[in-house]
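Visitor: Sequence:
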Amino acid sequence: MKILITGSAGFIGFHLSTRLLKEGYDVVGIDNLNDYYDVNIKKTRLKMLEENQNFKFILTSIEDREAMRSLFKSHSFDYVVNLAAQAGVRYSIENPEAYVDSNLVGFANILEGCRNSKVKHLVFASSSSVYGLNTDMPFSVTHNVDHPISLYAASKKANELMAHTYSYLYKLPVTGLRFFTVYGPWGRPDMALFLFTKAIIAGKPITIFNQGNMQRDFTYIDDIIEGVFRVINNIPAPDKNFSFDTPNPSASGAAPYRLYNIGNNNPVPLLDFIKAIEKALGKTAIKDFQPLQAGDVPATWANVDTLIKDTGFLPATPVEEGIKQFIKWYKWYYKI
Numbered sequence: 001m002k003i004l005i006t007g008s009a010g011f012i013g014f015h016l017s018t019r020l021l022k023e024g025y026d027v028v029g030i031d032n033l034n035d036y037y038d039v040n041i042k043k044t045r046l047k048m049l050e051e052n053q054n055f056k057f058i059l060t061s062i063e064d065r066e067a068m069r070s071l072f073k074s075h076s077f078d079y080v081v082n083l084a085a086q087a088g089v090r091y092s093i094e095n096p097e098a099y100v101d102s103n104l105v106g107f108a109n110i111l112e113g114c115r116n117s118k119v120k121h122l123v124f125a126s127s128s129s130v131y132g133l134n135t136d137m138p139f140s141v142t143h144n145v146d147h148p149i150s151l152y153a154a155s156k157k158a159n160e161l162m163a164h165t166y167s168y169l170y171k172l173p174v175t176g177l178r179f180f181t182v183y184g185p186w187g188r189p190d191m192a193l194f195l196f197t198k199a200i201i202a203g204k205p206i207t208i209f210n211q212g213n214m215q216r217d218f219t220y221i222d223d224i225i226e227g228v229f230r231v232i233n234n235i236p237a238p239d240k241n242f243s244f245d246t247p248n249p250s251a252s253g254a255a256p257y258r259l260y261n262i263g264n265n266n267p268v269p270l271l272d273f274i275k276a277i278e279k280a281l282g283k284t285a286i287k288d289f290q291p292l293q294a295g296d297v298p299a300t301w302a303n304v305d306t307l308i309k310d311t312g313f314l315p316a317t318p319v320e321e322g323i324k325q326f327i328k329w330y331k332w333y334y335k336i
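Per our numbering, the very first residue in the sequence shown carries number 1; after that it's consecutive.
Think of the hints as simulated: they come from the structure by calculation, not from any bench. One should not assume that every hint holds.
Claimed, not checked - Straight-line alpha carbon distances no greater than 30 Å define the calculated BS3-like cross-link-like pairs of lysine-lysine that follow: (1) K2 with K198; (2) K198 with K287; (3) K275 with K287; (4) K279 with K309; (5) K283 with K335; (6) K2 with K118; (7) K204 with K324.
I would like the entire structure built from these sequences, with the hints used as guidance.
Guide: Written as structure tokens, this is what we have:
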């Protein structure tokens with residue numbers, strides 16, 4: 001089987017490509033290696049992937065329409081997993097154009113490539129950010145998600161709508177995955193675990209927003225990858241029980257389309273998360289409490305009932321174990 005992984009030098013893309021290569025897939029990875037965060041960690045991930053002869057890397061951007069047309073003409077992909085996107089809630093306030101280019105234009109190019117080349121299944125990364133101002137928890141894929149509070153979240157909601165349209169019009173099997181606060185080894189340097197670890201080791205203050213009154217459904221990278229792997233081969237079909245009188249947002253009666261949450265189903269207070277980092281490092285953090293930032297939500301919590309029902313998988317790695325593995329990797333990578 002040949003599979004395209006966009007964003008293959010990214011955090012999730014690297015781990016997924018590694019897993020698929022172990023499972024015997026031929027993997028074509030694309031990435032533009034942008035400098036949103038340290039390019040060196042992306043290049044190191046990529047170097048590790050290129051040690052496998054079944055991995056082929058192409059340096060390009062999904063927003064490059066001609067490059068995407070050429071890519072899909074040159075290769076016959078069985079599956080496509082779109083992980084390439086401009087990430088970050090707060091950065092979307094500073095640089096909205098990057099989100100339009102990558103998350104909207106780029107995703108449209110992926111959809112066009114998939115439908116024109118008859119891909120068996122397109123899986124794409126959405127985000128827990130789509131739940132926005134929702135307060136009914138745990139967040140379910142059956143909930144309304146019409147109140148995003150960042151352009152990043154809006155772009156991910158738009159991806160879900162675009163994907164459903166293509167699924168309906170062209171009978172393209174598509175699955176969207178709403179990831180909940182992914183963390184672990186080889187993670188993104190712009191995310192809380194990385195930032196907190198770096199600051200605590202250096203004896204510098206860590207910034208804690210909303211006065212620490214935050215909860216996140218922290219999900220370990222291995223659980224994310226297991227969920228994605230199972231979904232890839234769980235190709236959706238139209239839902240025969242679907243009712244247009246009371247429509248279910250996570251599926252469609254007329255299209256081979258599904259949505260799943262992938263989260264740990266266990267919201268952790270941010271201060272408890274920090275305590276676990278302190279314990280793993282053997283150092284106490286200097287805490288700088290700040291108000292809630294624009295675009296942030298106070299809490300996330302994933303309902304994963306449909307993921308369990310359809311794939312038999314329940315993410316369950318405890319935060320303490322996940323953080324321990326991250327700290328072990330961090331010290332190795334940075335030679336601490």
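Visitor: Which constraints among the numbered hints does this structure fail? Numbers only, ascending.
Guide: Hints 1, 4 contradicted; others consistent.
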